[in-house]
Amino acid sequence: MDKIKNHIGLIVVSAAIVFSTFLAANAFKNRNSNNDTINVTGLGSKDFESDLVVWNSSFTKKSSDLKTAYASLEKDREALKNYLLSKG
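Each step along the sequence shown adds one to the number in the working numbering, with nothing skipped, and position 78 is 578.
Just so you know, the hints here were simulated from the structure itself, not pulled from any lab data. Among the hints, erroneous ones may be present.
What the hints assert, rightly or not - With a straight-line Cα cutoff of 30 Å, these simulated BS3-like cross-link-like pairs (lysine-lysine) come out:
hint	residue 1	residue 2
1	575	562
2	567	581
3	587	546
4	561	587
5	561	546
6	562	581
7	546	575
8	546	562
As the list claims (entries may be wrong) - Label-pair restraints from in silico Cβ distances:
hint	residue 1	residue 2	range
9	580	546	30 to 36 Å
10	541	586	45 to 51 Å
11	585	550	17 to 23 Å
For each residue, glycine too, the CB sits at the ideal point set by N, CA and C.
Based on the provided sequences and hints, a complete structural model is requested.
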């Protein structure tokens, strides 16, 4: 019975080493596997029609009077707006 008591610690340590080696080997084996992913190589395209286009623009005017420059900017903005609305 004493021999078994003396060897229980050795058996537990040996089992722990075997188990940890198994876990490390399994982790090393599966280190590059990607689960739950889709890998696609290639090119895809699809034509579509859009109902909305967002255009950014800017206007500049130089004038010695702020009110004159602002009025000129408003006039240009209205002219551009009317042009775009007339073209659909």
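Enumerated hints in conflict with the structure, sorted upward: Going through the list in order, the structure violates hints 5, 7 and 8 and respects the others.
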